[in-house]
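Produce the complete structure using the sequences and hints provided.
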Amino acid sequence: MHYVTYLRVSTDRQGKSGLGLDAQRKAVADHVAGKGEIAAEYVEIESGKKNDRPQLARALAEAKRIGAVLLIAKLDRLARNVAFIANLLEAGVEIAAADMPEANRFLLHVMAAVAEHEAQAISDRTRAALAAAKARGVALGWSMPGRAGEQRQAARKGAERNARKADQHAANVLPVIRQIAARGVSLRQIADELNTRGIKTARGGLWYAATVRNVMARENEIEAQAA
Numbered sequence: 001m002h003y004v005t006y007l008r009v010s011t012d013r014q015g016k017s018g019l020g021l022d023a024q025r026k027a028v029a030d031h032v033a034g035k036g037e038i039a040a041e042y043v044e045i046e047s048g049k050k051n052d053r054p055q056l057a058r059a060l061a062e063a064k065r066i067g068a069v070l071l072i073a074k075l076d077r078l079a080r081n082v083a084f085i086a087n088l089l090e091a092g093v094e095i096a097a098a099d100m101p102e103a104n105r106f107l108l109h110v111m112a113a114v115a116e117h118e119a120q121a122i123s124d125r126t127r128a129a130l131a132a133a134k135a136r137g138v139a140l141g142w143s144m145p146g147r148a149g150e151q152r153q154a155a156r157k158g159a160e161r162n163a164r165k166a167d168q169h170a171a172n173v174l175p176v177i178r179q180i181a182a183r184g185v186s187l188r189q190i191a192d193e194l195n196t197r198g199i200k201t202a203r204g205g206l207w208y209a210a211t212v213r214n215v216m217a218r219e220n221e222i223e224a225q226a227a
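Under full-length UniProt numbering, the residues of the sequence shown are numbered 1 to 227, in order.
It is worth saying that the hints were derived from the structure and are not from the lab.
C-beta: ideal position from N, C-alpha, C; glycine also.
Keep in mind that the hints are not guaranteed to be accurate.
Stated by the list, open to error - Listed next, the in silico EDC-like pairs over lysine to aspartate or glutamate satisfying Cα-Cα at most 20 Å (straight line):
(1) K26 <-> D76
(2) K35 <-> E118
(3) K165 <-> E90
(4) K64 <-> E37
(5) K157 <-> D167
(6) K26 <-> E41
(7) K26 <-> E37
(8) K35 <-> E94
Said to hold, decoys possible - Label pairs and their in silico Cβ distance ranges:
(9) A39 <-> T196: 15 to 23 Å
(10) R178 <-> A39: 20 to 28 Å
(11) K134 <-> S186: 52 to 60 Å
(12) R156 <-> E102: 39 to 47 Å
(13) R178 <-> A61: 21 to 29 Å
(14) P101 <-> D22: 19 to 27 Å
(15) P175 <-> S123: 44 to 52 Å
Listed below in C-alpha cells is the structure:
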C-alpha cells in the first residue's frame, strides 16, 4: 500500500503544540511501518488564511492519481474545520490520520456536521449578544471617546504579535530551505522551488532570492531566541 503524507506547521501554534516536522515525520513513519511505503510528502506552512492550503490540494491530487492513502500527520483541530473536511470528503480518496487512527470517511462526515452546527451556533450567539448590547445603548468598537490610549496599546501589541508570527514562520520554513539548499542550488532556485511547492512567505506572498536571503540571515537570531 502506498501513502501520500500531509504534514503541517502553523506560524502561531507550532511552538505551543511542540509537534514539529521531525515529530510528524516520525508519527507517519510509525503509522506506515509494516503496512506499506510513503510515495510522496507534502508540507503545509499555514498562513493567516486558514482555508488556503495549496499543499493539501496537491497531496489529494497525487493520492488520487496513484491510488494511495492520504495520511494526515495531525488531524486534531482540523477535524473542526468544515472547509478542510469538505475538501477531504470531495476528493474521493482513502484517508488516514496518524494522530487519530479511528478516522474514516463516515467519522469525517459526522465531524463536518458537528463542526458546521457549532459554527452556526457561535455565529447566532454573537449576533444576539451584539444586538442586545446595542439595544442597551452600549457603544461598540473603537468609536467610544477617550479610547486613543487603548488604540495605541492595541496597535503596539499587534505589531509585536506580527513580529512573533514572522519569527515563527521563518523557523518553520528554515528546515525546508536547508533541505533545498543542500543540493547546492542558488537563492533564486530555492525561491522558485518554494513557490512551486505552494509555500508562502510570512506575508502570504511569493518568494524571491532576497526573501530567502533574509530568512536565512535570521537563522542565528531565531536559534538564539529558542535557546
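How the hints compare with the structure:
1. K26 <-> D76: It holds: about 17 Å lies between the C-alpha atoms, which stays within 20 Å.
2. K35 <-> E118: Violated, at about 36 Å.
3. K165 <-> E90: With Cα atoms ~32 Å apart, K165 and E90 exceed 20 Å; violated.
4. K64 <-> E37: holds (16 Å)
5. K157 <-> D167: holds (15 Å)
6. K26 <-> E41: holds (13 Å)
7. K26 <-> E37: holds (13 Å)
8. K35 <-> E94: Holds: K35 and E94 sit about 14 Å apart, inside 20 Å.
9. A39 <-> T196: 15 to 23 Å: For A39 and T196 the Cβ distance comes to about 19 Å; the hint holds.
10. R178 <-> A39: 20 to 28 Å: holds (23 Å)
11. K134 <-> S186: 52 to 60 Å: At 58 Å between Cβs, range holds.
12. R156 <-> E102: 39 to 47 Å: holds (45 Å)
13. R178 <-> A61: 21 to 29 Å: Because 27 Å falls inside the window, the suggested range holds.
14. P101 <-> D22: 19 to 27 Å: holds (21 Å)
15. P175 <-> S123: 44 to 52 Å: violated (38 Å)
Hint compliance for this structure: hints 2, 3, 15 are broken, all remaining hints hold.
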